[in-house]
Amino acid sequence: MTVRVRYFASLREKMGRIDDTLVYENIATVADVWRAVSSGRPIPDQLLCAVNMEYAEPQSLVNDGDEVAFFPPVTGGSG
Amino acid sequence: MTVRVRYFASLREKMGRIDDTLVYENIATVADVWRAVSSGRPIPDQLLCAVNMEYAEPQSLVNDGDEVAFFPPVTGGSG
Amino acid sequence: MTVTVCHIPFSPYAELEAYQQLMGDEVRRFGATAIFVGTMRDLNLGDEVTHMVLEHYPGMTERQLEQIVAEAQARWDLLDVLVIHRVGEITPGDSIVLVAVWTLHRGAAFEACRHIIEELKHTAPFWKKETVRDGERWVESNTKG
Amino acid sequence: MTVTVCHIPFSPYAELEAYQQLMGDEVRRFGATAIFVGTMRDLNLGDEVTHMVLEHYPGMTERQLEQIVAEAQARWDLLDVLVIHRVGEITPGDSIVLVAVWTLHRGAAFEACRHIIEELKHTAPFWKKETVRDGERWVESNTKG
Numbered sequence: 000m001t002v003r004v005r006y007f008a009s010l011r012e013k014m015g016r017i018d019d020t021l022v023y024e025n026i027a028t029v030a031d032v033w034r035a036v037s038s039g040r041p042i043p044d045q046l047l048c049a050v051n052m053e054y055a056e057p058q059s060l061v062n063d064g065d066e067v068a069f070f071p072p073v074t075g076g077s078g
Numbered sequence: 000m001t002v003r004v005r006y007f008a009s010l011r012e013k014m015g016r017i018d019d020t021l022v023y024e025n026i027a028t029v030a031d032v033w034r035a036v037s038s039g040r041p042i043p044d045q046l047l048c049a050v051n052m053e054y055a056e057p058q059s060l061v062n063d064g065d066e067v068a069f070f071p072p073v074t075g076g077s078g
Numbered sequence: 000m001t002v003t004v005c006h007i008p009f010s011p012y013a014e015l016e017a018y019q020q021l022m023g024d025e026v027r028r029f030g031a032t033a034i035f036v037g038t039m040r041d042l043n044l045g046d047e048v049t050h051m052v053l054e055h056y057p058g059m060t061e062r063q064l065e066q067i068v069a070e071a072q073a074r075w076d077l078l079d080v081l082v083i084h085r086v087g088e089i090t091p092g093d094s095i096v097l098v099a100v101w102t103l104h105r106g107a108a109f110e111a112c113r114h115i116i117e118e119l120k121h122t123a124p125f126w127k128k129e130t131v132r133d134g135e136r137w138v139e140s141n142t143k144g
Numbered sequence: 000m001t002v003t004v005c006h007i008p009f010s011p012y013a014e015l016e017a018y019q020q021l022m023g024d025e026v027r028r029f030g031a032t033a034i035f036v037g038t039m040r041d042l043n044l045g046d047e048v049t050h051m052v053l054e055h056y057p058g059m060t061e062r063q064l065e066q067i068v069a070e071a072q073a074r075w076d077l078l079d080v081l082v083i084h085r086v087g088e089i090t091p092g093d094s095i096v097l098v099a100v101w102t103l104h105r106g107a108a109f110e111a112c113r114h115i116i117e118e119l120k121h122t123a124p125f126w127k128k129e130t131v132r133d134g135e136r137w138v139e140s141n142t143k144g
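Chains as they are written, first to last, in numbering that gives the first Met the number 0: chain A, 0 to 78; chain B, 0 to 78; chain C, 0 to 144; chain D, 0 to 144.
Calculated directly from the structure, the hints in this document are not laboratory data. All figures in this text were calculated on a predicted structure; none of them were measured in a lab. For each residue, glycine too, the CB sits at the ideal point set by N, CA and C. Please note: incorrect hints may appear among the correct ones.
Stated by the list, open to error - Over the 12 Å line for every Cβ pair with chain C, so calculated as not near, a few chain B residues: (1) Met0; (2) Thr1; (3) Arg16; (4) Thr20; (5) Tyr23; (6) Ala30; (7) Trp33; (8) Arg34; (9) Val36; (10) Ser37; (11) Ser38; (12) Gly39; (13) Arg40; (14) Ser59.
What the hints assert, rightly or not - With the C-beta cut set under 10 Å, the calculated list includes, among others, these residues of chain C facing chain A: (15) Phe29; (16) Ala33; (17) Arg105; (18) Gly106.
Only chain A is shown next, with the shape it has when bound in the complex:
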């Protein structure tokens, strides 16, 4: 299966890249995706994740062709 993984904001800078394309066969959940891109580490508490542009949880399922995103807490708006 193929999964596109995207990173935003400070996480993008920490990862040193804007995205990855995974072709592993052993990916079932968002947590598996994170382990694949971070040398097996667990998802940091603060990190948010999305599957196909909808918020998701570490245990959310990932399917072939999905876009998975990781990013820090959001800080839009003003005031």
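Chain A is fixed; fit chains B, C and D onto it per the hints.
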């Protein structure tokens, strides 16, 4: 003493005039002013009053040269 | 702080744009602006309203509006406040009232803006007389906030 | 209902004027408009900020904003909603976000407007990176509402 009395909105229409100038000597309070302009009636519950453009009560004192106003509940703004 | 009773139609957004232009570098200091615009509807109490006359008490109205704004300034940390209220002959779709509050943070802006419009409706001497199909009528009470 | 992510400076008041023009006779139906404008300040956490970059997640950001507005529409009786959020390079004094809500009565307008800006700040994927005297820094958390 001289007191100018002003009427607004539906009260102005009911009174049939926009103001009165009283020159009575026996006026001490806003209620006295109202009695003088309304053939001795008490101030209706709903009516609001002001002395020199500040909200006042029926028992508020009136002095020579004051402007006393009577008007119905206010309905400004919108929404 | 500016309070204006306006005798001709006004565009709240043109007024806001112009007012903020005059602030100059001040615009770099505030983070939040909360604004309320009240507009004349063509329907009230189930009746079609063709136009309306808004009467006020020149002198007292301005004084009351200034007191309402001063009270809000004492209660919240407000950088600036603009209040414009229309009087005279008004047509559906016309703006009746504008309340704008500039603050550092949004909580105070929303709370002060809402407080000012509620106080205005309850204490500022304005009276509405509507023209409906079968004649004229004084509006006797305000809608709840 | 319109939600826009805007890549260049915008005037919230010119946008509101233009948006309302397009409503036509609709303007005779609403009585209340509540508006929030968020502006970039030149000071944050005690430091002078010279400029800022606002990053977003194209596609997800718009979808989140639309969901936030749809939820508000389900909860309150809203006649129209306009949300504009700036992204890219931003200078102090620039407008960052505009939320405008048109309703019959002011209660729903204020509540929905505030709800939308709070939800936006907590869930819409935007991230701020500030340039201060000694370099750049990511803003790590939002101010409370």
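Verify this label for me: B/Thr1 is non-interface relative to chain C, using a Cβ-Cβ cutoff of 12 Å.
holds, 18 Å
Once the closest CB in chain C is found, is it more than 12 Å from B/Ala30?
holds, 20 Å
Test the statement that B/Arg16 is away from the interface with chain C: the closest C-beta pair must be farther apart than 12 Å.
The assertion about B/Arg16 holds, with a minimum of 15 Å to chain C.
How about C/Arg105: closest beta carbon in chain A under 10 Å, or not?
holds, 4 Å
Please confirm whether B/Ser38 is truly not at the interface, meaning its C-beta sits more than 12 Å away from all C-beta atoms of chain C.
The assertion about B/Ser38 holds, with a minimum of 23 Å to chain C.
Is it correct that the beta-carbon of B/Arg34 has no partner in chain C closer than or equal to 12 Å?
holds, 22 Å
Checking the smallest CB distance to chain C, is B/Arg40 really beyond 12 Å?
holds, 20 Å
Going by Cβ atoms only, is C/Gly106 closer than 10 Å to chain A?
Result: holds, 9 Å to nearest chain A Cβ.
Given C/Ala33 as an interface hint, is its Cβ closer than 10 Å to any Cβ of chain A?
holds, 9 Å
Distance rule for B/Tyr23, whose beta carbon must clear each one in chain C by more than 12 Å:
holds, 24 Å
Closest CB of chain C to the CB of B/Met0 still more than 12 Å away:
Since the minimum Cβ distance to chain C is about 21 Å, B/Met0 lies beyond 12 Å and the statement holds.
Separation of B/Gly39 from chain C, once the least beta-carbon distance is taken, above 12 Å:
holds, 26 Å
In this structure, none of the earlier numbered hints is contradicted; all agree with it.
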